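Trainee: Use the sequences and the hints to build the structure in full.
There are 4 protein chains.
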Amino acid sequence: MISVGFIGIGNMGGPMVQNLLKAGHAVTVFDVNEAAYAPLLDAGAVAATTALDAAAGVDVVISMLPNDKIVGELYLGEAGLIAKLQSRPILIDCSTVSAEIVRKVFQAAEERGFPFLDAPVSGGVMGARAGTLSFMVGGEKAVVEDASIVLQAMGKRVFHAGESGAGQIAKMCNNMLAAVLMAGTAEALALGSRNGVDAAALTEIINHSTGCNFMSEKWNPWPGVLPDVPSSHGYQGGFQVALMTKDLGLAVSNAQLHGAAIPLGSLVRNLLMLYQSQDAQAAKLDLSSIQRFFAPWLKAD
Amino acid sequence: MISVGFIGIGNMGGPMVQNLLKAGHAVTVFDVNEAAYAPLLDAGAVAATTALDAAAGVDVVISMLPNDKIVGELYLGEAGLIAKLQSRPILIDCSTVSAEIVRKVFQAAEERGFPFLDAPVSGGVMGARAGTLSFMVGGEKAVVEDASIVLQAMGKRVFHAGESGAGQIAKMCNNMLAAVLMAGTAEALALGSRNGVDAAALTEIINHSTGCNFMSEKWNPWPGVLPDVPSSHGYQGGFQVALMTKDLGLAVSNAQLHGAAIPLGSLVRNLLMLYQSQDAQAAKLDLSSIQRFFAPWLKAD
Amino acid sequence: MISVGFIGIGNMGGPMVQNLLKAGHAVTVFDVNEAAYAPLLDAGAVAATTALDAAAGVDVVISMLPNDKIVGELYLGEAGLIAKLQSRPILIDCSTVSAEIVRKVFQAAEERGFPFLDAPVSGGVMGARAGTLSFMVGGEKAVVEDASIVLQAMGKRVFHAGESGAGQIAKMCNNMLAAVLMAGTAEALALGSRNGVDAAALTEIINHSTGCNFMSEKWNPWPGVLPDVPSSHGYQGGFQVALMTKDLGLAVSNAQLHGAAIPLGSLVRNLLMLYQSQDAQAAKLDLSSIQRFFAPWLKAD
Amino acid sequence: MISVGFIGIGNMGGPMVQNLLKAGHAVTVFDVNEAAYAPLLDAGAVAATTALDAAAGVDVVISMLPNDKIVGELYLGEAGLIAKLQSRPILIDCSTVSAEIVRKVFQAAEERGFPFLDAPVSGGVMGARAGTLSFMVGGEKAVVEDASIVLQAMGKRVFHAGESGAGQIAKMCNNMLAAVLMAGTAEALALGSRNGVDAAALTEIINHSTGCNFMSEKWNPWPGVLPDVPSSHGYQGGFQVALMTKDLGLAVSNAQLHGAAIPLGSLVRNLLMLYQSQDAQAAKLDLSSIQRFFAPWLKAD
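One line per chain: the protein sequences are A, B, C and D, in this order. Oh and the first sequence: position 199 is 1461 in my numbering, straight run, nothing missing. Oh and the second sequence: position 231 is 1493 in my numbering, straight run, nothing missing. Oh and the third sequence: position 164 is 1426 in my numbering, straight run, nothing missing. Oh and the fourth sequence: position 64 is 1326 in my numbering, straight run, nothing missing.
You may find that some hints are simply not true.
Treat identical chains as interchangeable: a pair holds within one or across any two.
Distance condition first, Cα-Cα at most 27 angstroms in a straight line; then the derived DSS-like pairs of lysine-lysine [to be verified]: (1) K1331 to K1480; (2) K1546 to K1561; (3) K1480 to K1561; (4) K1366 to K1508.
Hints were generated in silico from the structure; no laboratory data involved. Treat the numbers as computed from the prediction; the structure is a model and nothing was measured.
Mentor: Following this line, the structure appears as structure tokens:
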């Protein structure tokens, strides 16, 4: 049994705590939103009244937070964990934030003797609930190994991407590519459809050929091609357009910083902006709804 | 045993004839290039001196030709097959050409009582040799079934994409998407690399996540990530940049005709043009060499 | 007084004939649309019953036709002008078509002893009426000089762009650039507006700085910035989105033929397609209405 | 005579001070680079040893600094002007930075009773020397009027763009559009050239038609079309590619913040990145050298 302090118990963090508890670990939780506590306390978690309390004396601290600013305050603030914690738990940030902020936290942590990992996840809320998340981890290999029992309680795969920040970079690159795959698949299916070719027949061909990709095969954007995906249920659920727009923003900012050309990622980001500006509901729909932007006749269905 | 007249016995057609012969079919061949005959005659094919001779009296005619113009002449010319053939073999055009030309041929064929299929292939020269091509077929279902014995002698999969022209459309859409996948994968790997993340580690993560695609998994553009792909052998072999540029040209022309937006396909086509204009060798290299355009430091390796 | 045979007397050709007549030239006209004749006959033109009749015995033949196919038939058909005309007038094609077709006509004309010019115009229907068209002319310099009296009767500027086809190329390049200017201006004004900067104030600054261009200055896409432009009248009139889409199509096809990269022109073409697919009225509105695609809140005004 | 404290006397600030002195104003200067002082002291400026000293007791403070961070420190730091100045001079920041930072400075200034303007310039080093800069000014109208004597000593035009931050937004929008004009013009000239049309002839036509823009007319990217521009002198001087890349970065970041689509600006930014990654010298060349990326055969000239 490992003792874990968990900070940030929202849509993602909550189910992750549930899986830690199921695996028999002791979890102390903190969130600024009081409504988030109840289901976890019922399941055996202990409530803390501050982040520092949640982290005090535990073996591992895990944070799951919305943005750079809040991550920075938690770890680097004057009253933050690195400044104030007496013990030296492994610190694991699972938030999706910039590589820059996690590298800053890593440096501060290292100077004060804390092991620190960036470990953003893929798999979404569904994966968090099912305990099937993938962790993309940046940091020292030995620390990743030490942390793996805890991570595997919440997910099925742990990838060591490289040094500190590499977890964020890997997630950022993967998600940028995922957005390109989705837009590219939607564009191809719409072109086929305009030529009278059935989207399901075209998908089958693509899936057995060089165009095969995660989206065509498992998250197909054309309504009715796959039964249990957002496109077959009015594009509800899944991964919201607004969230992917945010993730692409991380890639665009990183590319600026590093002098990288990302013409496809940039184009897809702009297409998502145009799509959202034409359609007030788009931001909340699944990413695959970009299909409607290429094939507007689908809206009437 | 089926008798086949095969017109166009170049890099693709030659090995396809070999596989027909191996399967026990009788093949009469024609090509404007006399040098193409010898290996096929050695293997048991019969030489014809004109396309019409090759097609006379056979059960099935197969053509494998370079462009719309030559396909048009073969079938629609005043001295072409549809005007002059006495018998009514199944006509199968395996060339990669526009849907418009094959629909024209289909109409003319139908009026004169010929069954006609468009059946472009994927799999390249390697697939032609190994007999593992995929056929994407447009035309009537019953004809596709009649033709399937012959097609399966040359490939492992036959997909019925829809009505006449649908085979070409399916190939065009798949190849456009494949080009987007390759450029997107190369862009993502270059961004990761600029951030210090190892391309092999990043590829492994992508392949287990939402960015997974044919290129990341089976045709990875980063040198050394996969052992037996063009990127690990100086981008030699594979599918030439110039050929993909031609295929994207078919998609661009089709999109114009049908009022379709293909922003990603168009962008990739332009990136391939810019890449080729900077690097005199690019046209002959494998498509995955677009990686060098995003990561020019690879050239020095 | 010069005798002119004029073929194609629609929205553009009609007013051009009026200006030729005003300048004292004798004009024989032909069109497949009988309704087009009346106003010109009233103004002194003579009707012909075939294109060949209109061209017989005149000093100069001018054609103003919708596409490559019709231009090809007029000049290159078996019963076309080059095959059948006894005399050798100067042939001037003012249509906006591909450089390829006019070069074909030029070659055939040259072989048979006809001087031939491609002379597409800019200025639109308004310019045709006002006699203020610009002619972009390809062909031999001496022929351009011979033709200039006639051209100047219909326009105010005659530019010799180069050899045969160069007139079409110049118009194609100019129009592609114009589309980029319009989309770029609309994008910049929308970005300013989202930041709370008044479009008129921003336009004034741009017009005195490095962003100044024909669109910002004379065809401003933001409603109300300029008084007498389509954007201030519901985007009615002007240069229709559908026509610009066609012109960009010529550029895209030409770029494919010549291996040229035109990333901006291609992107704008795709943006126009997406815009038209979202908004059923867009095709008939002025090009400047692309502003609405970048600033959808304008629609409600 | 007005007393001015000038902070940041580099390539731009130095000549601006010279023009203030010529107009008879008293100028106290500060810079972290000691080598910058000598020519200004010779011309009558007074040296200060800190920024605060330069600003103490003057009528107007002008800053010309490289980035958000340094501007923030000067005005908002604990020992910065707003915290420490006893008097209440007009504060004018002429740096090209984000609208966000200048709005922060404006708010802090307003709370403490300082009038503050953002007043970035266009015209470059040449304009700074000649006293022909344009100022794009954000802030209260009355303050702009009060500041205009000083601004007009350094430039020929003062535009009031709107409220605080509007000066930066106007410059950002203009420069993004300028980059699009340049890339679009270069693309069009390259397409014409590939078709055999002379760039000078094509430019003349464009400049009399709807493609006319600042770049085609005054900063033409094709070597030899205009005599006194960077393209005719090996792309030396002018406005460096690296600087435009930075300015486009401001636009990209702003668009992310405001949910704006800027597909053309984003594409040009990516093209500039690709251009720079192919050519080690590109960053230091004039923006118009993007012509070489579209027409690589120019390099050999």
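Trainee: Among all the numbered hints in the text so far, which are the ones the structure does not match?
Mentor: The structure conflicts with hint 1 only, although it agrees with all the remaining ones.
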